[in-house]
Each structure stands twice: as structure tokens, then as C-alpha cells.
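Going down the list, the protein sequences come from chains A and B. Read left to right, the first sequence gives residues 1 to 101 (my numbering). Read left to right, the second sequence gives residues 1 to 231 (my numbering).
No wet-lab data here; the hints were simulated from the structure. Careful, some of the hints might be misleading.
Cut-off 20 angstroms, straight-line C-alpha distance, at most; resulting in silico cross-link-like pairs (SDA-like, lysine to any residue) [stated by the list, open to error]:
| hint | chain 1 | residue 1 | chain 2 | residue 2 |
| --- | --- | --- | --- | --- |
| 1 | B | K65 | A | I42 |
| 2 | A | K39 | B | P184 |
| 3 | B | K182 | A | I42 |
| 4 | B | K126 | A | F8 |
| 5 | B | K182 | A | V12 |
| 6 | B | K65 | A | L6 |
| 7 | B | K182 | A | A80 |
| 8 | A | K39 | B | I215 |
| 9 | B | K65 | A | M13 |
| 10 | A | K39 | B | L123 |
| 11 | B | K65 | A | S2 |
| 12 | B | K182 | A | E35 |
| 13 | B | K100 | A | V32 |
| 14 | B | K182 | A | R37 |
| 15 | B | K65 | A | V12 |
| 16 | A | K39 | B | K182 |
| 17 | B | K65 | A | I3 |
| 18 | B | K65 | A | P5 |
| 19 | B | K100 | A | R33 |
| 20 | A | K39 | B | T186 |
| 21 | A | K39 | B | A219 |
| 22 | A | K39 | B | G187 |
| 23 | B | K182 | A | L73 |
| 24 | B | K182 | A | H98 |
| 25 | A | K39 | B | K65 |
| 26 | B | K65 | A | F8 |
| 27 | B | K100 | A | L73 |
| 28 | B | K126 | A | F7 |
| 29 | B | K126 | A | L82 |
| 30 | A | K39 | B | R93 |
| 31 | A | K39 | B | G183 |
| 32 | A | K39 | B | V222 |
| 33 | A | K39 | B | G148 |
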Amino acid sequence: MSIDPLFFLAIVMMGCATYATRLSGYLLLRGVRIEGRVKAAIDAVPPAILTAVIAPAVFLQGWAEMIAGAVTLVVALLRAPLLVTIGAGVASVVALRHLFM
Amino acid sequence: MMRDFWCDFWRGFGEVWPMLLAYAPIAALWGAVAAGQGFSPLEAILMSGIVYSGAAQFVAVDLVKAATPLSLLVFTIATVGLRHVLMSASISRHITHFPKLRASILMFWLTDEAWAILERRALHEKLTPAYFLGASMPLWPNWILFTGIGALVGNRLGDGSAIGLDFAFAAMFIAVLAGFWKGPRTGAILAASAAAACAAKLLVPGAWYILIGGIAGMAVSVALHSERETA
Numbered sequence: 001m002s003i004d005p006l007f008f009l010a011i012v013m014m015g016c017a018t019y020a021t022r023l024s025g026y027l028l029l030r031g032v033r034i035e036g037r038v039k040a041a042i043d044a045v046p047p048a049i050l051t052a053v054i055a056p057a058v059f060l061q062g063w064a065e066m067i068a069g070a071v072t073l074v075v076a077l078l079r080a081p082l083l084v085t086i087g088a089g090v091a092s093v094v095a096l097r098h099l100f101m
Numbered sequence: 001m002m003r004d005f006w007c008d009f010w011r012g013f014g015e016v017w018p019m020l021l022a023y024a025p026i027a028a029l030w031g032a033v034a035a036g037q038g039f040s041p042l043e044a045i046l047m048s049g050i051v052y053s054g055a056a057q058f059v060a061v062d063l064v065k066a067a068t069p070l071s072l073l074v075f076t077i078a079t080v081g082l083r084h085v086l087m088s089a090s091i092s093r094h095i096t097h098f099p100k101l102r103a104s105i106l107m108f109w110l111t112d113e114a115w116a117i118l119e120r121r122a123l124h125e126k127l128t129p130a131y132f133l134g135a136s137m138p139l140w141p142n143w144i145l146f147t148g149i150g151a152l153v154g155n156r157l158g159d160g161s162a163i164g165l166d167f168a169f170a171a172m173f174i175a176v177l178a179g180f181w182k183g184p185r186t187g188a189i190l191a192a193s194a195a196a197a198c199a200a201k202l203l204v205p206g207a208w209y210i211l212i213g214g215i216a217g218m219a220v221s222v223a224l225h226s227e228r229e230t231a
């Protein structure tokens, strides 16, 4: 168990960088009244970022992931609990990967 | 008062715990990779505890190996985390009633997974600090623990893809996404975001695709908004 002091400094600075990104949005918008176009932009953040994060994993990997993504969406739209939806997605991707291998 | 706290805490935990399972192999993999690059187990554990970002840590291991200057290292880590600026801005609207210091501390645990769960909850119910803590913080000791295991004994858990664990994250995001459907306008936002993210993933190295896709979706939302206003 050892640690290089300079490396520890690097870790702390990287930690500050990630924390700053997580804190900044809150501090920037705290107490700001959001209206008009800014509201339209911020309202779109959850669906837009959720989609952007997973789009390559769903659309660029192969048929198994694409179909499993559709299965997951259908289960989610049926208002299944979160755990059931995740389970359906995981189970279908395993089955489909076997099918397409 | 305390009973309310724990009640909400466990509600949050009840949503996030599947992600503990999904992230154990990823943390162990990162720990093993870091050890392979010459990180001591203590260094790997500290990095998971302090930097606490899967994407940033996998990028950082490569950069440290390439002897990247510290300033560039920190800058790159910040760019990998830029999506969190948008997540933080979005969730800030649902926690305006939190004391500022408490909210600022909770933001440390605002990972992608925790953020998705919080946005889903905020669709129907008011967020509480206890729920925020329960839905976000448990991922942290889990991440640190399995980093240490990976660094010490190597990644014995496999990559998790054999039992589909690599898809758990995508499945959870799809589940959360379904709650945001508000008609054709949402469809346009999703299409723009997905197309831009996939194009960026293929064309631009690194993790820029998340930010590019997100901004494309936001731009479409703004464009549709002004159209409706002038109509």
C-alpha cells in the first residue's frame, strides 16, 4: 500500500474537476427563474441526455441490442416497475445474443 | 422525523440497488486495469472514492499511462464530465427546497444512474434529501469496494456481459426515458439526440457523443418552442 504524493495531487484535482461538473449546473440555475427558450432547452435535458448516453449502445452494437432495447421500451411503457423493466432488458439481450451468434 | 428520513432513504435505495450489481464487475474491471497500469491498490481505491466517475476513470488510466501533463489530464476529465453540468442543471429545478449546503454535498453523488432515478422520481413526487441520498450514495462504497477487489485480486467477476449486466444500464435509462414521453415533440427530441449521438460516436473520439447528442435534442426542443410561439 503506497501512494505517490504527486499522483495523489492529480487524483484530488481530477476529483475537483468531476465534482465541479456535478455542482455547477445546480449553482448556475439555483434561484434563476427559467422561462421561454431556456426552459425549453432545460426541459429537454432529461430525454435528450438519456437518449444520447444509450443510443450508441442500443443502435450501433447489433440486432440483439436493438431488439432488446425495443423490448425494454415496450415493458417500460406498460408501466412495469423499474426492476422488472431492467430484468426484461437484461434477459432479452442475453437470449437475443445467443440467437444472433 | 428520523423515521421519515429512513423511509425515504430506503425508497431511494430500493430503486438503485440493481445498479450495485451491474456496477460491481465494472468497478472490478477498472481496479484490475488500474493495477495493470502500475496503480497501487490504495491509489486505485482513492481514485474511485475521489474522482468517482467510471467514464472519467477509464479515460484517466489511459492518459496516466501516456504520461499526460497534469493540466491536460484535469481538463480532459472535466470534458468527460460535461454531461453532468446538464444533469445537475436539470435536477436543480427539483431540489430548490433543499438547503444549499446539503444540496451541494449531495451533488457529489450525482452519477448518471442516480440522476436517472432522481429524474424519474421527480416526474411524480417531490424529491427529499433522504431519497436523493438513498438513490445515489450507496453506489459510492460499492464502487470503491469492488475497485479494491479488482486491484487486489484481478477481475475475477468477468465483464458481466455473459449474463447481460452490460445492458442493465441501457435498460434502466430506457425505462426512465419512457416516463418523459409527451407526444410528437418528444419524438423529435429523441430522434435528433439519438442520431447526433450515434454520428458523433462514429466520428469523434472520446465521450463527446453524450454532450453532442444532448445538445442536438435541446436545440430541437428550442426550435419547436419558438415555432409554436410565432405560430
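The hints, checked one at a time:
1. B/K65 <-> A/I42: violated, 38 angstroms
2. A/K39 <-> B/P184: Holds, at about 18 angstroms.
3. B/K182 <-> A/I42: holds, 15 angstroms
4. B/K126 <-> A/F8: Distance of about 39 angstroms is beyond 20 angstroms: violated.
5. B/K182 <-> A/V12: violated, 42 angstroms
6. B/K65 <-> A/L6: holds, 15 angstroms
7. B/K182 <-> A/A80: holds, 18 angstroms
8. A/K39 <-> B/I215: This hinted pair holds, its Cα atoms lying about 14 angstroms apart.
9. B/K65 <-> A/M13: Within the cut-off at roughly 17 angstroms; holds.
10. A/K39 <-> B/L123: Answer holds: A/K39 to B/L123 is near 16 angstroms, not above 20 angstroms.
11. B/K65 <-> A/S2: The given pair, whose Cα atoms are some 18 angstroms apart, holds under the 20 angstroms limit.
12. B/K182 <-> A/E35: Given pair B/K182, A/E35 holds - Cα atoms ~19 angstroms apart, limit 20 angstroms.
13. B/K100 <-> A/V32: holds, 14 angstroms
14. B/K182 <-> A/R37: holds, 18 angstroms
15. B/K65 <-> A/V12: The given pair, whose Cα atoms are some 18 angstroms apart, holds under the 20 angstroms limit.
16. A/K39 <-> B/K182: holds, 15 angstroms
17. B/K65 <-> A/I3: Holds. B/K65 to A/I3 sits at ~16 angstroms (cutoff 20 angstroms).
18. B/K65 <-> A/P5: The given pair, whose Cα atoms are some 17 angstroms apart, holds under the 20 angstroms limit.
19. B/K100 <-> A/R33: Status holds; Cα separation ~17 angstroms.
20. A/K39 <-> B/T186: Measuring from Cα to Cα gives roughly 15 angstroms; hence the hint holds.
21. A/K39 <-> B/A219: The hint holds at about 12 angstroms.
22. A/K39 <-> B/G187: Measuring from Cα to Cα gives roughly 18 angstroms; hence the hint holds.
23. B/K182 <-> A/L73: At roughly 15 angstroms apart (the allowed maximum being 20 angstroms), A/L73 and B/K182 satisfy the hint.
24. B/K182 <-> A/H98: Since the Cα atoms of B/K182 and A/H98 sit roughly 35 angstroms apart, the hinted pair is violated (cutoff 20 angstroms).
25. A/K39 <-> B/K65: violated, 42 angstroms
26. B/K65 <-> A/F8: holds, 15 angstroms
27. B/K100 <-> A/L73: violated, 36 angstroms
28. B/K126 <-> A/F7: Roughly 42 angstroms between the alpha carbons, so the hint for B/K126 and A/F7 is violated.
29. B/K126 <-> A/L82: Holds: B/K126 and A/L82 sit about 18 angstroms apart, inside 20 angstroms.
30. A/K39 <-> B/R93: holds, 11 angstroms
31. A/K39 <-> B/G183: holds, 18 angstroms
32. A/K39 <-> B/V222: holds, 8 angstroms
33. A/K39 <-> B/G148: Distance of about 43 angstroms is beyond 20 angstroms: violated.
When each numbered hint is compared with the structure, violations occur for hints 1, 4, 5, 24, 25, 27, 28, 33.
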